[in-house]
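A.B. asks: For the record, the sequence lines run as chains A and B. Every letter in the first sequence is one number past the one before it in this note's numbering, and letter 35, counting from 1, is 35. Every letter in the second sequence is one number past the one before it in this note's numbering, and letter 2, counting from 1, is 101.
To be clear, the hints were calculated from the coordinates, so they are not data collected in a lab. It is possible that part of the hints are untrue.
Stated by the list, open to error - Sample of chain B residues lacking proximity to chain A, with all beta carbon distances greater than 12 Å (derived):
#1 Arg148
#2 Asn164
#3 Leu180
#4 Gly192
#5 Leu240
#6 Thr245
Stated by the list, open to error - Looking from chain A toward chain B, a few residues come up when the C-beta cut is under 7 Å (computed):
#7 Val23
#8 Asp31
#9 Thr39
#10 Leu65
#11 Gly80
#12 Gly84
#13 Ala88
Remember, it's a predicted structure, so these values are computed and weren't measured experimentally. Quick reminder that beta carbons are idealized off the backbone N, C-alpha and C, glycines included.
Here's the letter readout for the chains.
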Amino acid sequence: MSTETTVGHPAQPEREHVIHVSVLIDGIPEDRVFRADQTVESVIKELLGGRHADWQQYQLVDQRLGMQPLADSLTLEAAGVRTGDILAFGKRHGGGGAS
Amino acid sequence: MTIVDPQLAKARFDEAIRPLIERPDVYASVGIAIIRYEWPRLTVRLTSRQHSRDLFLEIDATDYNYRPLSGRWVSEDGTPLAQGMGAVPAGNGFHPVGAVLTAPPFLCFRGWLEYHQHASHVGDRWESLREHAEYRPPALLQHIVTELNRPGTALQ
Chain A
1 MSTETTVGHP AQPEREHVIH VSVLIDGIPE DRVFRADQTV ESVIKELLGG
51 RHADWQQYQL VDQRLGMQPL ADSLTLEAAG VRTGDILAFG KRHGGGGAS
Chain B
100 MTIVDPQLAK ARFDEAIRPL IERPDVYASV GIAIIRYEWP RLTVRLTSRQ
150 HSRDLFLEID ATDYNYRPLS GRWVSEDGTP LAQGMGAVPA GNGFHPVGAV
200 LTAPPFLCFR GWLEYHQHAS HVGDRWESLR EHAEYRPPAL LQHIVTELNR
250 PGTALQ
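With the hints as extra help, turn the sequences into a complete structure.
C.D. replies: What follows is the structure, given as structure tokens:
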């Protein structure tokens with residue numbers, strides 16, 4: 001019977017992958033850092049702070065990727081967001097109703 | 100006739116648009132650029148990627164922020180535009196004609212003068228919004244660009 005031993009370095013904790021972006025919040029740019037595996041939904045909730053009960057009324061748009069809002073269920077990494085991107089944060093529907 | 104001392108209104112407006120002047124690179128990346136500023140009028144270029152073209156919005160900041168900003172669509176040289184010229188947004192809150200057919204196009208969004216003066220919205224008081232960050236010029240312009248690029252916004 002043979003035994004194999006693996007000699008190597010002790011397991012290193014994987015370095016957390018983060019993304020540095022600017023987010024336009026109320027039209028003002030703020031530098032923010034998010035985990036790459038964070039979902040768009042959780043980012044929206046984080047940006048809303050304590051008023052995240054109505055998070056579904058908000059959206060994030062990365063204009064480098066197009067004008068469509070990022071899908072809420074995707075992680076930032078899966079959505080294609082990269083360090084250096086500028087994200088526009090705002091309400092999904094803001095039009096008036098006058099006719 | 101103005102209501103607010105023009106120097107005071109200009110000082111307030113200058114402070115409100117300072118981010119647009121100090122971080123032009125950031126705003127350009129989302130399709131917003133200042134073209135001209137001669138108090139009380141500020142002209143901005145707004146990029147509609149879905150229409151592959153730039154639009155120009157002239158903002159009148161008279162009496163800011165006692166009254167909200169007024170906006171009208173113009174050509175690059177400042178000539179007012181009307182429906183039928185292919186450069187006036189319509190839909191999603193953009194009205195290509197006013198309350199009467201001879202009235203100019205207007206922005207039917209909270210925070211803009213024409214919205215708050217419209218009979219349907221006179222109960223939505225500007226006085227209760229004007230100190231909120233989401234109704235200052237950078238936020239209003241970010242909102243307009245978002246709506247310009249939303250499916251359903253056409254150019255007429």
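A.B. asks: Would you mind marking each hint as holding or not holding in the structure?
C.D. replies: Okay, the hints, checked on the actual structure:
Under the 12 Å C-beta cut-off, the non-interface status given to Arg148/B relative to chain A is violated; the minimum distance is some 5 Å. Chain A leaves Asn164/B outside its interface by the beta-carbon criterion, the shortest separation being 15 Å against a cut-off of 12 Å. Interface exclusion of Leu180/B from chain A stands, the closest Cβ pair being 19 Å apart, more than 12 Å. The Cβ of Gly192/B does not lie farther than 12 Å from every Cβ of chain A; its closest approach is about 3 Å, which violates its non-interface assignment.
For Leu240/B, the requirement that its beta carbon stay farther than 12 Å from each beta carbon of chain A is not met, with the minimum near 7 Å. Its beta-carbon lying about 6 Å from the closest one in chain A, Thr245/B breaks the requirement of being farther than 12 Å from that chain. Restraint check, Val23/A versus chain B: the minimum CB separation of about 10 Å is more than 7 Å; hint violated. With a least beta-carbon distance of about 10 Å to chain B, the hint placing Asp31/A at the interface is violated under the 7 Å criterion.
A cut of 7 Å between beta carbons decides the hint on Thr39/A: the least distance to chain B is about 21 Å, and the hint is violated. Interface hint at Leu65/A: violated, since its Cβ lies 11 Å from the closest Cβ of chain B, which is beyond the 7 Å cut-off. For Gly80/A, the interface hint is violated, the least distance from its beta-carbon to any beta-carbon of chain B being 16 Å, above 7 Å. Interface restraint check: Gly84/A against chain B, minimum CB-CB distance 10 Å, threshold 7 Å, status violated.
For the restraint placing Ala88/A at the interface with chain B, the shortest Cβ-Cβ distance is roughly 5 Å, inside the 7 Å limit, so the hint holds.
Violated hints, in rising order: 1, 4, 5, 6, 7, 8, 9, 10, 11, 12; the structure is consistent with all others.
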